[in-house]
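> Residues per chain are reported as follows:
4 protein chains.
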Amino acid sequence: MVKIRIGSIGLGRLGLTHAENIANKIRHTELAALCDMDEKRLHETADRLGVVNRYTTFEEMIAQKDLDAVVLVSPSGLHTKQIVAALDAGKHVFSEKPLGVTVAECKEAEKAVEDHPEKVFMLGFMRRFDESYQYAHKKVAAGEIGKPVLFRAYSQDPEKFIEGGIAFAAHSGGEFLDMAVHDIDLARWFTGSEPETVYAIGGCYAHPEFGKYHDGDNVSCLMKFRNDTMVYLFAGRTAPHGYNVETEIIGTKGILRIANVPQKNLVEILDNHGVRKECSENFLERFDSAYVREMQEFVDCIIAGRKPEVTVYDGARVLEIAYKCKEAFESGELLKF
Amino acid sequence: MVKIRIGSIGLGRLGLTHAENIANKIRHTELAALCDMDEKRLHETADRLGVVNRYTTFEEMIAQKDLDAVVLVSPSGLHTKQIVAALDAGKHVFSEKPLGVTVAECKEAEKAVEDHPEKVFMLGFMRRFDESYQYAHKKVAAGEIGKPVLFRAYSQDPEKFIEGGIAFAAHSGGEFLDMAVHDIDLARWFTGSEPETVYAIGGCYAHPEFGKYHDGDNVSCLMKFRNDTMVYLFAGRTAPHGYNVETEIIGTKGILRIANVPQKNLVEILDNHGVRKECSENFLERFDSAYVREMQEFVDCIIAGRKPEVTVYDGARVLEIAYKCKEAFESGELLKF
Amino acid sequence: MVKIRIGSIGLGRLGLTHAENIANKIRHTELAALCDMDEKRLHETADRLGVVNRYTTFEEMIAQKDLDAVVLVSPSGLHTKQIVAALDAGKHVFSEKPLGVTVAECKEAEKAVEDHPEKVFMLGFMRRFDESYQYAHKKVAAGEIGKPVLFRAYSQDPEKFIEGGIAFAAHSGGEFLDMAVHDIDLARWFTGSEPETVYAIGGCYAHPEFGKYHDGDNVSCLMKFRNDTMVYLFAGRTAPHGYNVETEIIGTKGILRIANVPQKNLVEILDNHGVRKECSENFLERFDSAYVREMQEFVDCIIAGRKPEVTVYDGARVLEIAYKCKEAFESGELLKF
Amino acid sequence: MVKIRIGSIGLGRLGLTHAENIANKIRHTELAALCDMDEKRLHETADRLGVVNRYTTFEEMIAQKDLDAVVLVSPSGLHTKQIVAALDAGKHVFSEKPLGVTVAECKEAEKAVEDHPEKVFMLGFMRRFDESYQYAHKKVAAGEIGKPVLFRAYSQDPEKFIEGGIAFAAHSGGEFLDMAVHDIDLARWFTGSEPETVYAIGGCYAHPEFGKYHDGDNVSCLMKFRNDTMVYLFAGRTAPHGYNVETEIIGTKGILRIANVPQKNLVEILDNHGVRKECSENFLERFDSAYVREMQEFVDCIIAGRKPEVTVYDGARVLEIAYKCKEAFESGELLKF
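Residue numbers (my numbering), protein chains in the order written: chain A, -9 to 327; chain B, -9 to 327; chain C, -9 to 327; chain D, -9 to 327.
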């Protein structure tokens, strides 16, 4: 049976997860190359996963003839450039979000994808591949909850990783760009509609360091969508209980809540703290199998000659909306799309 | 031991509950008079509760010399007038919300209360007397969840009572005035702060009838408070699962959720619908004991010569805020306080 | 309206609760006498509740002519004697469990009740008056869960009160008599049937002190009832999370769980321990309103000339079954009823 | 990297799952042969999974020289014979439970394993590979809940699959052998101890058909273990809400509950049935990833030359205990081990 040969760039936490999934858990594929600037990390990982081809520059990797596809888990600022280069080199491309760091970059990425219609391009909106989100989406699409009234989403990083958040603040683009993008994607996916207005507020409730970058440690926004759905997004970096990604869709006939309790597993503990569930620590734990399922979809699309549901336009649109949220937050004004 | 003699006006659902509570469950008190325009209802209730003094007009009732206090559960439009008249007649006053139907009326009520400093005046913000809300408030006040970041509140009436909502729409003043007032009160109580801005949206998702009154069947607003707390309120009339009053306070060190599942009782059912809890049907069921506790506080205040925590100014301020939310909803503008 | 004049004996924790309920929360009644050997406690309580008639012996109290009824919250060993004396003195009687401490005593109590058919006698199986248990019982009686298959009940005292348990061990009669009696009553009430066999085990898992009295700190038994229902009861004294009274009825068409999470209130806490609910501390907190409802039923029965659903025979039968469980536990044998 | 070549026999529901997992999800392995008596099913599956070597008899399959290991998902009555034959043919063996259908067969299997110490033998107690069970086991082993007091386990098949249960009743050996074996394994694993006594009851509450085979549709037993842990097992075939496998370990310092709500995923539904979670339909859904993880462990053991934690003796001991439970159920006697 055919094997899709993939080269992956970036071996940070998420990059490592993708590499391991490709090596061990994804059907019909082979991890055929690895790329990272950090040579020690590169060779250790390649040794462990049995990968022969190792690169420290992306250009070298995409020059490898027998690679069918590349997976980009590099810094955000490099995404667009690498997407374009890889497509031009004849590779299918899976890129982590964001598509680019400016709206102009996104346009560039869109053009590159359009110029290579025979190639599969997919963006890493992994939440769409989580079983619970898929289950909920099916119910919404089937009309089981009636007409959507309110879409509410929380994305919260645990307080215990705040140092990382602060260190990254100068480059993250702020909470709307860094964290809320997944929820913006989900809002569009669940409602099938686009925002018309946005009002955004927030602040530095625990960590004034974010103020330097015109960011907050907790922010939120209220948007009216074209189909009248109300959309309320909240993003925070100080969750006491763990990694909390929670979504609610209130419809006229039913309400769905996804991960209302962001439980680690099915164990309930009864002790001197009461009756409790422990929570997922981070996105890798919470979306463990979603990462496998999205990569499988990428590979299956290549094999079947299908295009993924998530398009380059979704990536561009989400970034554009996130920038508008950021602008609303910084200006304090009600903005229209 | 002293008995506070109370006369109560209005024998609708809530009025009946108050009358029964005073007759049967409140210490140190006696239901000494009843007033309702509907004579049949008046006499039936008075017979059942053993009340001798029966009136069809408020003026007659407050003329009764040996009454210490009155409880107003009359139509909203009569509240201010009756508050003033009762205080002038030397009675302590417990009034259901709202304090009045205009800001001018609220000022009038404030003045009447100020003119009778020896009298107890209390407004029926019963949620403050619910054990769960009190438990949460203590934790917040003790700093257990750190600095408040987000206050989120839902007030949802069940879809099955929608006919009543529609019938009442012309007089209710809209969802912000009719439903969100309790959450506005809670937001001020939990955060100890006041709103600075408000953006409000919503619509008629299932019942276009509300459009005639510039109202929606589901609405929401996002407010920034002076102390930076984000406040998100949602009010709806189409809850499929029952009467849902749910509140969340996200702090920098902890999060509290009150009635996240608006469960009727402690019974969990496992059947062909899955594992489930049934929900409270209406406010009378959900706030059953809160109604008793607030009335007890009113009586205890009279006996002890104390003043209730909820003041006439709270009532006035809440109404003012609700009107601003309504104005924001109708105009689509971002408004400042 | 008629007022039932009640005298109450015993001012321990539960006795105090009953006295306060009668004084403050029960309709159509008056706390007309108090009795306790501890004079200081007696006068303090009587002063606070405004009770004029105060006694240090039960004999004196029942000699009070205008008392309609007595409430017994005295030590278990005195129950039977006081029941008989009070009935003979022409009083209605509400007695805390147990009916007596031997089967012979129960027979005596039965006879006294039979000899005074015009008097109301009621035993304090308060769980039957808890709203959740009543709600579940209605569903079972209406056939909503089909035929009962398994009745499982846990009664657990919190570890933090273990000192009291140890101090009381010499007199408590052991966990089956002291704790499981409520569950034995519930099992009979929910299944409408009687036990045929019992096998009981357990031990001293944390506190060897109970071994001296042939008791354990945690015990359980499996019984087959005549109608084939399996009944599994567990009683423990070392619950880490609080006072846990939990009941499950598995039927052929549905399953009901009562207080699966013995939550204190509707507040959910999200903090560094995860997502959690705090639990009730003790029986007074958990069954707060059940104590009010059962006493109201006692008073209403007197006024209406009705007999309570819980009879003296229930009390006798439950004790007999508890003794058989105890015998099974001590012998290690499978016993038949 | 080395690839373990596996041949799998039996393509029923579970057999198919194993075959697909080996083909698609297990690292370092290759599905190198398939065997099933049903030729249509055999070829369809082999075509789909790309397997060249296809057999209709087990003897032919194990004659295939380049097979390293076999996976047995054949009817229970064939297990022992096939285990012996496969080991003798030099293959590593993974067998679904039970090890055999008689204690004598289990001895035979034990001997075969002992005769081939260089071969990996593993039995399919997949629950030990479920993440929630593993998480709980670690906590228990680390002493986090203190000394085990009660181990309670439910295994319930949904009523909607009852036809299959009835059809299978003549061969299943009854609920203790067919269903409770997993819980017997878990009880030994969690407590590290062995049963001393057993009392078992139950009946045909909804489906008299099981009576013909001296079985019930719902049964339970109470066992005392050597270390004093109380063990209560319940097995039923009429669960209204889905596939319910639920385990509780009460310790002196904490309590763990695994899958107290056997939820399908993280979606909570609020509709006219209340607030609810839907449940797993069957063992394949509930233990989806456990099946992957156990097979991976089998393969990893072969590669590393390790022995699995689950031994042939576990399989033999569990069967012996299940037979004693069955005997206790049929005789109505208290039995000792």
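Worth flagging that the hints you see were computed from the coordinates, not collected in a lab.
There may be inaccurate statements among the hints.
Heads up, the list lumps identical chains together, so a pair's fine if it works in one copy or across two of them.
[Unchecked claim] As a list, the in silico DSS-like pairs of lysine-lysine whose alpha-carbon atoms are at most 27 Å apart:
no.	residue 1	residue 2
1	-7	15
2	297	15
3	15	137
4	15	128
5	254	128
6	243	297
> Hint by hint, say whether it matches the structure.
To see whether the hints hold, each was checked on the structure:
no., hint, result
1, -7 with 15, "both (13 Å within a copy, 15 Å between copies)"
2, 297 with 15, "both (22 Å within a copy, 24 Å between copies)"
3, 15 with 137, "neither (38 Å within a copy, 39 Å between copies)"
4, 15 with 128, "both (26 Å within a copy, 26 Å between copies)"
5, 254 with 128, "both (24 Å within a copy, 15 Å between copies)"
6, 243 with 297, "neither (33 Å within a copy, 44 Å between copies)"
When held up to the earlier numbered hints, the structure conflicts with 3 and 6 and fits the remainder.
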